[in-house]
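Colleague: Sequence:
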Amino acid sequence: MDLPEVMRAVEITRPGGPDVLQLCERPVPRPGAGQILVEVAYAGVNRPDALQRAGAYAPPPSASPLPGLEAAGRVAAVGPGVAEWRVGDQVCALLPGGGYADYVVTPAAHALPVPKGMVLREAACLPETFFTVWTNVFQRGGLKAGERFLVHGGTSGIGTTAIQLASLFGARVFTTAGSDEKCAVAARLGAERAINYRTEDFVAILKAEGGADLILDMVGGDYLPRNVQALADDGRLVQIAFLQGPKVELNFAQVMSRRLTITGSTLRPQSDVAKARIAVDLRTHVWPLLDAGRIAPVMDSEFPLAAAADAHRRIEGADHIGKIVLKLR
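The sequence shown maps to residues 0 to 328 in numbering that gives the first Met the number 0.
Keep in mind the hints are simulated off the structure, nothing from the lab. The C-beta atom is built at its ideal place from N, Cα and C for all residues, glycine as well. Honestly, I wouldn't trust all of these hints.
Each computed DSS-like pair below joins lysine-lysine, with the alpha-carbon atoms no more than 25 angstroms apart [what the hints assert, rightly or not]:
1) LYS115 with LYS274
2) LYS246 with LYS143
3) LYS326 with LYS115
4) LYS143 with LYS326
Each pair of labels, with its calculated beta carbon distance range [claimed, not checked]:
5) ALA82 with HIS284: 21 to 29 angstroms
6) THR265 with GLY209: 28 to 36 angstroms
7) ASN250 with GLY209: 36 to 44 angstroms
8) VAL19 with MET298: 20 to 28 angstroms
Kindly produce the complete structure, drawing on both the sequences and the hints.
Modeller: The structure is reproduced here in structure tokens:
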């Protein structure tokens, strides 16, 4: 098919608040070897996008400077060596960047089929959170059936995904959230105990249960020593973000005497090969659950591309529950 020469996109004009996101025109990218070009229908909005906008999360040198780490749409072109996708296929894909645009290029191995019965709006919410949760909770964290699992931020995109997946794989799920309404949502998703962190102490609650075998945290700050206290002996803490900062005083004698493991990762800097391996695992272990309707993204809100600044205000506020998307077509 003939591709247009230019496309709409949202660029970061300078580091700053949401207002620095501006609509612009950019050349339509062309796929290289092993890549596909996706005509974007919906793009997911994630906290790393807001961090990039603020100047706190630079994209890799080879990535697009445009924000947007996940999208769903139609394959518009395939590069040399791509055999698994054809023009016209509907996909959702993890992106190195550039999702806030009409077209985006990504490695073909980072794309997955749209699950059965799922619309593109929902599919755009899958890649960033499912790649992150799978690699950190199940691969790095080693969560097993019957273990006590605590995920902070239970009604975020990461939290709602982690609760559902961990529950389906047989773990006892605990979570924190900032209101009784959010706690009720987390409980409906499969959390055994949803803890309102404004009125309850998650450390005391987890200790009374015997401690958490695994904690997934994106808060950081003073949560780090509290997480260590909340872990069971031989427990694991996986850190994926630092909403309250990465620096804190921590007594490592507890880590040694109780044989604790502290680890963490970020998704974007990992190699294309590593991300492709995660995609294979997801297609094998998780996509059948999505196809069967046993798990689905929790949707918060939708904004047009030109209102990307409003979408960022929403994700940086305290009220959203689940995923936010930009609609392009």
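Colleague: Does each hint fit the structure? Answer for all of them.
Modeller: To see whether the hints hold, each was checked on the structure:
no. : hint                                   : verdict
1   : LYS115 with LYS274                     : 23 angstroms, holds
2   : LYS246 with LYS143                     : 30 angstroms, violated
3   : LYS326 with LYS115                     : 21 angstroms, holds
4   : LYS143 with LYS326                     : 37 angstroms, violated
5   : ALA82 with HIS284: 21 to 29 angstroms  : 23 angstroms, holds
6   : THR265 with GLY209: 28 to 36 angstroms : 30 angstroms, holds
7   : ASN250 with GLY209: 36 to 44 angstroms : 21 angstroms, violated
8   : VAL19 with MET298: 20 to 28 angstroms  : 26 angstroms, holds
Hint check: violations occur at hints 2, 4 and 7; the rest are consistent with the structure.
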